[in-house]
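Engineer: Sequence:
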Amino acid sequence: MNDLTLTSDFYHRASERTAHKVALAKAEGELLSIAALRRFGLNTGTDDDGFPFYVWEMAAVARDLAELHVRKLIPESWEAFFNGLCRMAEGIDKEAWTYFYKSAVKDEKCFLAMENSEADF
237 MNDLTLTSDF YHRASERTAH KVALAKAEGE LLSIAALRRF GLNTGTDDDG
287 FPFYVWEMAA VARDLAELHV RKLIPESWEA FFNGLCRMAE GIDKEAWTYF
337 YKSAVKDEKC FLAMENSEAD F
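Just so you know, this note's numbering puts 313 at position 77 of the sequence shown, and the rest follows in order with no gaps.
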């Protein structure tokens, strides 16, 4: 088999790379939506604990991006795009983004460590 032979492993890896790019594009769309709604004064109400509704949407984006980052799933050619997404999120609400992203990175590192320790058994 030569390097040009397309195998099922090739297709699997290619679809994974595409999935990671789609996840980044989805995160961009969600952040743009959050920013636009805030600009128009929408989705800025608060929950029972006094947190604006949009911060929970930002938390979900932070979790998704942290997973990609910690697991090193971001293609090198997309690193600048990833960093731009983080800057965009900071521009929406720096305090919320910093808190949720740092927490998500910490959690993802723990999940990864647990997965690796389970694999050792």
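It should be emphasised that the hints constitute simulated quantities derived from the structure, not laboratory data. Beta carbons are placed, not taken as given, at the ideal position from N, Cα and C, and that holds for glycine. Be aware that one or more of the hints could be misleading.
Label-pair distances were calculated between CB atoms; the ranges are [to be verified]: (1) Pro311 to Thr282: 33 to 43 angstroms; (2) Ser313 to Thr280: 31 to 41 angstroms; (3) Asp285 to Lys308: 14 to 24 angstroms; (4) Phe289 to Asn352: 14 to 24 angstroms; (5) Lys257 to Lys345: 17 to 27 angstroms; (6) Ser353 to Ser269: 20 to 30 angstroms; (7) Tyr335 to Glu264: 19 to 29 angstroms; (8) Gly277 to Glu315: 26 to 36 angstroms; (9) Ala296 to Gly320: 15 to 25 angstroms; (10) Lys330 to Asn279: 13 to 23 angstroms; (11) Asn279 to Ser353: 35 to 45 angstroms; (12) Ala271 to Lys342: 21 to 31 angstroms; (13) Arg307 to Lys330: 23 to 33 angstroms.
Engineer: Decide, hint by hint, whether the structure agrees.
Structural biologist: Results for each hint:
Against the hinted window of 33 to 43 angstroms, the Cβ-Cβ separation of Pro311 and Thr282 comes to about 38 angstroms, which satisfies the hint. Distance hint check: the CB atoms of Ser313 and Thr280 are about 36 angstroms apart, consistent with the given range 31 to 41 angstroms. Between Asp285 and Lys308 the beta carbon distance is about 34 angstroms. The supplied range of 14 to 24 angstroms is therefore violated. A hinted range of 14 to 24 angstroms is violated for the C-beta pair Phe289 and Asn352, which are about 36 angstroms apart.
A C-beta distance of roughly 23 angstroms is found between Lys257 and Lys345, which places it inside the suggested range of 17 to 27 angstroms. Range check, Ser353 to Ser269: about 38 angstroms between beta-carbon atoms, so the 20 to 30 angstroms window is missed. The supplied range of 19 to 29 angstroms is met by Tyr335 and Glu264, whose beta-carbon atoms lie about 21 angstroms from each other. The beta-carbon spacing between Gly277 and Glu315, approximately 34 angstroms, falls within the hinted interval of 26 to 36 angstroms.
Remark: the range hint 15 to 25 angstroms for Ala296 to Gly320 is upheld by a beta-carbon distance near 19 angstroms. For the pair Lys330 and Asn279, the supplied restraint of 13 to 23 angstroms holds, since their beta-carbon distance comes to about 18 angstroms. For the pair Asn279 and Ser353, the beta carbons lie near 40 angstroms from each other, so the given range of 35 to 45 angstroms is met. At about 26 angstroms, the beta-carbon gap between Ala271 and Lys342 stays in the expected band of 21 to 31 angstroms.
About 25 angstroms separates the C-beta atoms of Arg307 and Lys330, a value consistent with the hinted range of 23 to 33 angstroms.
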